[in-house]
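Undergrad: The residues making up each chain are set out below.
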Amino acid sequence: MNANTLDAELAKSLPLEDFDVSQTELFARNGLHPYFERLRREDPVHYCKDSIYGPYWSITKYRDIVDIDTNHKVFSSDVSVGAFVLDDTTLNAVDGAMYLPNFLGMDPPTHDVHRMAVSPIVAPQNLLRFEKLIRERTSEVLDSLPIGEEFNWVDLVSIELTTMMLATLLAFPLEDRRKLTRWSDIVTTRPGYGLVDSWEQREAELLECLAYFQRLYDERKALPPRPDLISMLAHAPTMQDLTATDFLGMLVLLIVGGNDTTRSSMSGGALACHLYPDEFTKVKNNPSLLASMVPEIVRWQTPIAHMRRTALEDVEFRGKQIRKGDKVVMWYLSGNRDDEVIDRPMDFIADRPRARQHLSFGFGIHRCLGNRLAELQLKVLWEEATKRYSRIEVVGEPTRVPSNLINGFIDMQVRLHV
Amino acid sequence: MPKLIFITSDKQEYAVEAQSGVSAMEAALDNLVPGIDGDCGGVAACGTCHVYVDQTWLAKTGAAQEGIEQDMLSLTDNAGASSRLSCQIIMSDELDGLVLTMPESQH
Numbered sequence: 001m002n003a004n005t006l007d008a009e010l011a012k013s014l015p016l017e018d019f020d021v022s023q024t025e026l027f028a029r030n031g032l033h034p035y036f037e038r039l040r041r042e043d044p045v046h047y048c049k050d051s052i053y054g055p056y057w058s059i060t061k062y063r064d065i066v067d068i069d070t071n072h073k074v075f076s077s078d079v080s081v082g083a084f085v086l087d088d089t090t091l092n093a094v095d096g097a098m099y100l101p102n103f104l105g106m107d108p109p110t111h112d113v114h115r116m117a118v119s120p121i122v123a124p125q126n127l128l129r130f131e132k133l134i135r136e137r138t139s140e141v142l143d144s145l146p147i148g149e150e151f152n153w154v155d156l157v158s159i160e161l162t163t164m165m166l167a168t169l170l171a172f173p174l175e176d177r178r179k180l181t182r183w184s185d186i187v188t189t190r191p192g193y194g195l196v197d198s199w200e201q202r203e204a205e206l207l208e209c210l211a212y213f214q215r216l217y218d219e220r221k222a223l224p225p226r227p228d229l230i231s232m233l234a235h236a237p238t239m240q241d242l243t244a245t246d247f248l249g250m251l252v253l254l255i256v257g258g259n260d261t262t263r264s265s266m267s268g269g270a271l272a273c274h275l276y277p278d279e280f281t282k283v284k285n286n287p288s289l290l291a292s293m294v295p296e297i298v299r300w301q302t303p304i305a306h307m308r309r310t311a312l313e314d315v316e317f318r319g320k321q322i323r324k325g326d327k328v329v330m331w332y333l334s335g336n337r338d339d340e341v342i343d344r345p346m347d348f349i350a351d352r353p354r355a356r357q358h359l360s361f362g363f364g365i366h367r368c369l370g371n372r373l374a375e376l377q378l379k380v381l382w383e384e385a386t387k388r389y390s391r392i393e394v395v396g397e398p399t400r401v402p403s404n405l406i407n408g409f410i411d412m413q414v415r416l417h418v
Numbered sequence: 419m420p421k422l423i424f425i426t427s428d429k430q431e432y433a434v435e436a437q438s439g440v441s442a443m444e445a446a447l448d449n450l451v452p453g454i455d456g457d458c459g460g461v462a463a464c465g466t467c468h469v470y471v472d473q474t475w476l477a478k479t480g481a482a483q484e485g486i487e488q489d490m491l492s493l494t495d496n497a498g499a500s501s502r503l504s505c506q507i508i509m510s511d512e513l514d515g516l517v518l519t520m521p522e523s524q525h
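So the sequence lines, in the order shown, correspond to chains A and B.
Residues in the first sequence are numbered consecutively from 1, following the numbering used here.
Residues in the second sequence are numbered consecutively from 419, following the numbering used here.
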């Protein structure tokens, strides 16, 4: 019995009260969808009484997720009461982990001040400025790929393009850009998942990250303001009392948000093109479909599998009693497969009508800040790829990230056909 | 049916008809008016249907409502006193002739 059949069977036979969809093995073997399907049908607001993260609620239907996401007065992101991810160790000083505060983990009004300090980096004027650079780099990367030979798409395309972009936003030395990839990866991991061996190692590497950026910060503070994120932080009047801890917290948010996410969409897009070659051909023959193909990739992949909130008060939701302090997980990965809102949700449909209606960027005040930039990077990548190739073939099973947050890939062997 | 006019930041005018009871955002989407995305489907949760209400119409449409609409606009570039999320403007005969201008930043 292969893993997919096993999960399909288990999802049918396991009592609902024993469901724990946060298990990272399920993500690593892409086995989640049958469990989510049953939850959406039979118990859409589900209580998991025990997991390695403690008890938590799962919100699995599209509209319920929108309701929770837009009700930040009851369902808080604030680090003082919990975290915006299920695993408290990602951002809080528990079990040997570090405290990494940032605006995604804040409620208004502080949230608004911190968010507005960095949001101009992705303002439309800046995006126009970036497009030419993105196209040059994308063309250069694609032109360097072998034809008809296997290679790891994640490494040579997804990581390379997103890390260069992030380095540009931060004005980070390009030759050191793979440090950004490493720091991004270790923020969202725990010891024992193949990246770090101990909490001490994770902390030491994150402190190296802080020291590196502290140098950049000091240099830019001494210079006139420039349009990069570090200079913006150094000169923002509202950010002058940023502590080292605040600075590192902000950095990890910018690094993970600006890196892991689009990386996973670039890899997921390659898998979609392999599994649905006719959709790839449709776009190749009609590039105007990029306008729906790009949001469809972001929906189909759902690079951030969940965001979590913490209930600030006792509240009844869809007949369930959520108590103050409870962890409430919005499974975007499930909501994006809800057939009450999305037609044929398992399928990748390049010309899907109203493709922009999906949950992957979240909704409400914490909606993804860089979504326009992400879409621009994806649009350029698939525009250039459909020009060059007739087919993208994924060879064998890709290796997925063992994470319930980052829905992405470590290795995806691809063969390109002209 | 009430008519409304969308004016893009580069001064292109789109006159569309809307059924009473649908939002200005939906009318824009149904008529492929560029610059209105409406990613969240009309619950004031994405900020991609930001418009400026022409001053003469503001009394009739009302200003942005307290709660999620104001919260989202406070995080939106170039939002001001006449800003609304067009998904929260519900068309009626009273709004026949409504003029909505779009910000530069939406696209």
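Keep in mind that the hints were calculated from the coordinates and are not lab data.
Being a predicted model, the structure only gives us computed values, none of them experimental.
Virtual Cβ for every residue (Gly too), placed ideally from N, Cα, C.
Treat the hints with caution; some may be incorrect.
[What the hints assert, rightly or not] No more than 35 Å apart at the CA atoms, straight line, and that leaves these computed lysine-lysine pairs for DSBU-like:
#1 K282(A) <-> K387(A)
#2 K12(A) <-> K221(A)
#3 K478(B) <-> K73(A)
#4 K132(A) <-> K282(A)
#5 K324(A) <-> K73(A)
#6 K49(A) <-> K320(A)
#7 K179(A) <-> K221(A)
#8 K478(B) <-> K421(B)
#9 K387(A) <-> K429(B)
#10 K421(B) <-> K132(A)
#11 K324(A) <-> K49(A)
#12 K429(B) <-> K282(A)
#13 K132(A) <-> K284(A)
#14 K284(A) <-> K429(B)
#15 K179(A) <-> K132(A)
[What the hints assert, rightly or not] Using C-beta positions, here's what the derived DEER-type ranges look like:
#16 E340(A) <-> S438(B): 24 to 32 Å
#17 Q488(B) <-> G194(A): 39 to 47 Å
#18 H417(A) <-> E512(B): 57 to 65 Å
#19 D448(B) <-> K282(A): 48 to 56 Å
Undergrad: Each hint: holds or not?
TA: Results for each hint:
Of the supplied pair hints, the one linking K282(A) and K387(A) holds, its CA atoms being roughly 12 Å apart against a limit of 35 Å. Between the alpha carbons of K12(A) and K221(A) the distance comes to roughly 59 Å, so the proposed pair goes past 35 Å and is violated. With a C-alpha separation of about 29 Å, the suggested pairing of K478(B) with K73(A) holds against the 35 Å cut-off. With a C-alpha separation of about 25 Å, the suggested pairing of K132(A) with K282(A) holds against the 35 Å cut-off.
A threshold of 35 Å between alpha carbons decides the hint, and for K324(A) with K73(A) the separation of about 12 Å falls inside it, so the pair holds. Between the alpha carbons of K49(A) and K320(A) the distance comes to roughly 14 Å, so the proposed pair stays at or under 35 Å and holds. For the proposed pair K179(A) and K221(A), the alpha carbon gap of about 23 Å is at most 35 Å, so the pair holds. For the given pair, K478(B) sits about 15 Å from K421(B) by alpha-carbon distance, which is consistent with the 35 Å threshold.
Among the hinted pairs, K387(A) with K429(B) is consistent with the structure: their alpha-carbon atoms are about 34 Å apart, no more than 35 Å. Distance restraint check for K421(B) and K132(A): the Cα-Cα separation of roughly 39 Å exceeds the 35 Å cut-off, and the hinted pair is therefore not satisfied. Our distance criterion of 35 Å between C-alpha atoms is met by K324(A) and K49(A), whose separation comes to about 16 Å. Restraint check: the Cα-Cα separation between K429(B) and K282(A) comes to about 34 Å, which is no more than 35 Å; the hinted pair holds.
Between K132(A) and K284(A) the alpha-carbon distance is near 21 Å, which keeps this suggested pair within the 35 Å criterion. Straight-line distance between C-alpha atoms of K284(A) and K429(B) comes to about 33 Å, which keeps the hinted pair within the 35 Å bound. Restraint check: the Cα-Cα separation between K179(A) and K132(A) comes to about 25 Å, which is no more than 35 Å; the hinted pair holds. In this structure, E340(A) and S438(B) meet the distance hint of 24 to 32 Å, their C-beta atoms being roughly 27 Å apart.
One distance hint, 39 to 47 Å for the beta-carbon pair Q488(B) and G194(A), holds here, with the actual separation near 45 Å. The hinted window of 57 to 65 Å between H417(A) and E512(B) holds, with their beta carbons roughly 59 Å apart. Separation of D448(B) from K282(A) is about 24 Å and departs from the stated range, judged on CB atoms against 48 to 56 Å.
Checked against the numbered hints given earlier, the structure breaks hints 2, 10 and 19 and satisfies all the rest.
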